[in-house]
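S.K.: Build the full structure now, drawing on both the sequences and the hints.
Sequence lines, in order, name chains B and C. Here the first sequence stands for residues 220 to 334, where the numbers follow the numbering used here. Here the second sequence stands for residues 125 to 239, where the numbers follow the numbering used here.
Keep in mind the hints are simulated off the structure, nothing from the lab. It cannot be assumed that every hint is accurate.
[Said to hold, decoys possible] DSS-like cross-link-like pairs, simulated, lysine-lysine; straight-line CA separation at most 30 Å:
| no. | chain 1 | residue 1 | chain 2 | residue 2 |
| --- | --- | --- | --- | --- |
| 1 | C | 173 | B | 285 |
| 2 | B | 260 | C | 226 |
| 3 | B | 261 | B | 285 |
| 4 | C | 176 | B | 261 |
| 5 | C | 173 | C | 226 |
| 6 | B | 285 | C | 226 |
| 7 | B | 283 | B | 261 |
| 8 | C | 180 | C | 201 |
| 9 | B | 274 | C | 226 |
| 10 | B | 261 | C | 226 |
| 11 | C | 192 | C | 173 |
| 12 | C | 184 | C | 201 |
| 13 | B | 260 | C | 180 |
| 14 | B | 233 | B | 260 |
| 15 | B | 261 | C | 201 |
| 16 | B | 260 | C | 173 |
| 17 | C | 226 | C | 192 |
| 18 | B | 260 | B | 285 |
| 19 | B | 283 | B | 260 |
| 20 | B | 285 | B | 239 |
| 21 | B | 283 | B | 233 |
| 22 | B | 260 | C | 192 |
| 23 | C | 192 | B | 285 |
| 24 | C | 201 | C | 226 |
| 25 | C | 226 | B | 239 |
| 26 | B | 233 | B | 285 |
| 27 | C | 201 | B | 283 |
| 28 | B | 261 | C | 173 |
| 29 | B | 274 | B | 261 |
| 30 | B | 260 | B | 239 |
| 31 | B | 239 | B | 283 |
| 32 | B | 274 | B | 239 |
| 33 | C | 226 | C | 180 |
| 34 | B | 274 | B | 233 |
| 35 | C | 180 | B | 261 |
| 36 | C | 184 | B | 260 |
| 37 | B | 233 | B | 261 |
| 38 | C | 176 | B | 283 |
| 39 | C | 180 | C | 192 |
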Amino acid sequence: GAVVSQHPSRVICKSGTSVKIECRSLDFQATTMFWYRQFPKKSLMLMATSNEGSKATYEQGVEKDKFLINHASLTLSTLTVTSAHPEDSSFYICSAGTALNYGYTFGSGTRLTVV
Amino acid sequence: GNSVTQMEGPVTLSEEAFLTINCTYTATGYPSLFWYVQYPGEGLQLLLKATKADDKGSNKGFEATYRKETTSFHLEKGSVQVSDSAVYFCALKDDGGTSYGKLTFGQGTILTVHP
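M.R.: Okay, here's the thing in C-alpha cells:
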C-alpha cells in the first residue's frame with residue numbers, strides 16, 4: 220500500500236533557529252501534500268496544501284513566511300519552520316495524496332520542541 | 125462550511141465491552157467519511173471509510189455506516205481489546221467546491237481499554 224515517510228520524528232531546536240521537516244511518498248507519486256499541526260489533546264489543524272511545482276495554499280491564519288512549504292518533486296515536500304519560537308512547539312503531520320488515495324496516507328508525524 | 129462533531133471523551137472501557145463513538149457532520153456537498161486512528165506518538169492511520177449514503181465501512185472488527193438522513197457516521201466495535209486504546213478521529217472529505225480534497229477532522233476521542 221501507499222507509504223509516506225516523515226523525518227525527523229523528533230527534533231529539539233533553539234529559539235530563533237529554523238527547522239526543516241521532510242515528507243516523502245515512498246511508493247507512489249504524490250501530486251498533493253497536506254501539512255497539519257496538532258496541539259496536545261486537540262484535533263488536526265490543516266496548515267497548507269502543496270501541489271507539486273506550484274506555490275502552497277495556506278489556510279487562513281497560517282503565516283506563510285514562517286511556515287515555508289516546498290513541493291519540488293512528486294515524492295518530496297518540506298516544511299520549514301523559520302525563526303522558531305516556543306509557541307511553535309507542536310506535532311506536525313503530513314499527508315500525501317494521488318488520484319487514487321487523495322489525502323488518505325499520513326506520515327508518522329514530527330514532534331518539534333523549541334527551547 | 126464543513127464541520128465534524130465527535131462525542132466527548134475520554135472513553136474508558138473494559139476489555140470485550142461494546143464500543144460506540146458518535147460522529148455527526150455538516151457538509152455542503154456530498155462528502156466521503158472516514159475514521160482514523162492515532163496511536164501514541166504516531167501519525168494517523170485510516171481505519172475505515174464510506175463514500176456514499178448507506179455504505180458501511182469495516183476493518184479490524186470496527187464498522188460505521190454512512191447515514192445521510194441523520195448526517196452521522198458512528199463508529200462501533202462489538203468487543204474491544206486493550207490494543208484498541210488510541211485516539212479516534214472522524215473526518216470528512218468534500219469532493220466538490222473550494223474544499224476539494226481537504227479533510228475536515230473532528231476533535232478526536234481518546235479510548236482507553238483496561239484488561
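S.K.: What are the numbers of the hints the structure violates, in ascending order?
M.R.: When the structure is compared with the hints, numbers 1, 23, 27 and 38 turn out to be violated.
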